[in-house]
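Chain order of the listed sequences is A and B.
Under my numbering, the first residue of the first sequence is numbered 1, with each subsequent residue one higher.
Under my numbering, the first residue of the second sequence is numbered 1001, with each subsequent residue one higher.
Everything labelled a hint here was simulated from the structure, so no lab data went into it.
Where a beta carbon is used, it is the ideal one built from N, C-alpha and C, also for glycine.
Treat the hints with care, as some may be off.
Stated by the list, open to error - Have a look at the derived ranges for each label pair, beta carbon to beta carbon:
| no. | chain 1 | residue 1 | chain 2 | residue 2 | range |
| --- | --- | --- | --- | --- | --- |
| 1 | A | K11 | B | K1079 | 46 to 54 Å |
| 2 | B | Y1018 | A | S77 | 38 to 46 Å |
| 3 | A | P14 | B | I1160 | 17 to 25 Å |
| 4 | A | I72 | B | Y1137 | 22 to 30 Å |
| 5 | B | S1072 | A | I72 | 22 to 30 Å |
| 6 | A | K39 | B | I1099 | 16 to 24 Å |
Unchecked claim - Just so you have them, the derived chain B footprint on chain A, three or more residues with Cβ under 8 Å:
| no. | segment |
| --- | --- |
| 7 | 32 to 43 |
| 8 | 71 to 80 |
Claimed, not checked - Here are the simulated DSSO-like cross-link-like pairs (lysine-lysine), alpha carbons at most 30 Å apart as the crow flies:
| no. | chain 1 | residue 1 | chain 2 | residue 2 |
| --- | --- | --- | --- | --- |
| 9 | A | K55 | B | K1166 |
| 10 | B | K1166 | A | K80 |
| 11 | A | K55 | A | K7 |
| 12 | B | K1107 | A | K55 |
| 13 | B | K1129 | B | K1148 |
| 14 | A | K63 | B | K1010 |
| 15 | A | K28 | B | K1107 |
| 16 | B | K1120 | B | K1024 |
| 17 | A | K28 | A | K7 |
| 18 | B | K1050 | A | K63 |
| 19 | B | K1166 | B | K1123 |
| 20 | B | K1120 | B | K1020 |
| 21 | A | K52 | B | K1166 |
| 22 | A | K55 | B | K1085 |
| 23 | B | K1020 | B | K1085 |
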Amino acid sequence: MNTKNKKLLNKNNPENTLVCVGFVNNFKEEFECVGVLIKEQKDSIRVGFSAKNDKLVDYVDIKRSDILNINILNSSSINKL
Amino acid sequence: MKTNEVYNIKYVDASYSYAKKIDKTELSLHEAYGYVNKSDNNIIITFIKKKLPKGQEESALGLVIPDTALLSYKDDNAKILADFKIGMSVAVTWRDIVIFESSNLRKDCSTMYTEGFLFKIEKDHIVLKNPETIRTYPTPIKNHPINKPSYCTIPVSFIISITIIK
């Protein structure tokens, strides 16, 4: 299912929405990232990677037009160290 | 560990303070998501990976943390502080967390050398007052951070060695 333009965040869900996003940069090089979907805007999304005392530290903003695919990850599939 | 599996890790980090006075101190809690690899006693967390030809991949953005930074790590390092007291002038060698990007890929942590006065000795961290820190690995040796802080908090689990400065 193509979810690149679909709204994925549910504000009523207290759990993080974990996503795996495939995308390209301006040179059409392909990348993949995993993290927490922080916000969705009309033209972009923000994926967070790390936090300090629950405050976002590292993240990436991805233009929707650069997104190749988005998959929502089941929290049960996340390993812990 | 498989590199395509996603991990959630919780860990601690060193920190600097520019406050004139500090009272209660504690280690901040960090959390990250990413693809994880282990290299010796380093844990590499890849946030973004670049897709290469023939199905190859490389890290484009991530962190390297000491394996001892994990909250799940059972710290047995506290005994190295047994002979140290508040106010002593000490030199601490410790491993620091690194953030890397594709232009500067890293597989191991930095090594830091800090001199300062022991301001606090807690179960899981020490605080040095008037610290002066240099990064001794990798070269070139650099002052760190650029602006001199008033205090440096170092997790006990990060400490490689600590000695008294005469």
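Hint-by-hint comparison with the structure:
no.	hint	verdict
1	A:K11 to B:K1079: 46 to 54 Å	holds, 49 Å
2	B:Y1018 to A:S77: 38 to 46 Å	holds, 41 Å
3	A:P14 to B:I1160: 17 to 25 Å	violated, 41 Å
4	A:I72 to B:Y1137: 22 to 30 Å	violated, 40 Å
5	B:S1072 to A:I72: 22 to 30 Å	holds, 26 Å
6	A:K39 to B:I1099: 16 to 24 Å	holds, 22 Å
7	32 to 43	holds (count 5)
8	71 to 80	holds (count 5)
9	A:K55 to B:K1166	violated, 41 Å
10	B:K1166 to A:K80	violated, 44 Å
11	A:K55 to A:K7	holds, 23 Å
12	B:K1107 to A:K55	holds, 26 Å
13	B:K1129 to B:K1148	holds, 11 Å
14	A:K63 to B:K1010	holds, 29 Å
15	A:K28 to B:K1107	holds, 27 Å
16	B:K1120 to B:K1024	holds, 10 Å
17	A:K28 to A:K7	holds, 25 Å
18	B:K1050 to A:K63	holds, 17 Å
19	B:K1166 to B:K1123	holds, 25 Å
20	B:K1120 to B:K1020	holds, 15 Å
21	A:K52 to B:K1166	violated, 37 Å
22	A:K55 to B:K1085	violated, 34 Å
23	B:K1020 to B:K1085	holds, 22 Å
In this structure, the earlier hints numbered 3, 4, 9, 10, 21, 22 are contradicted, and the remaining ones agree with it.
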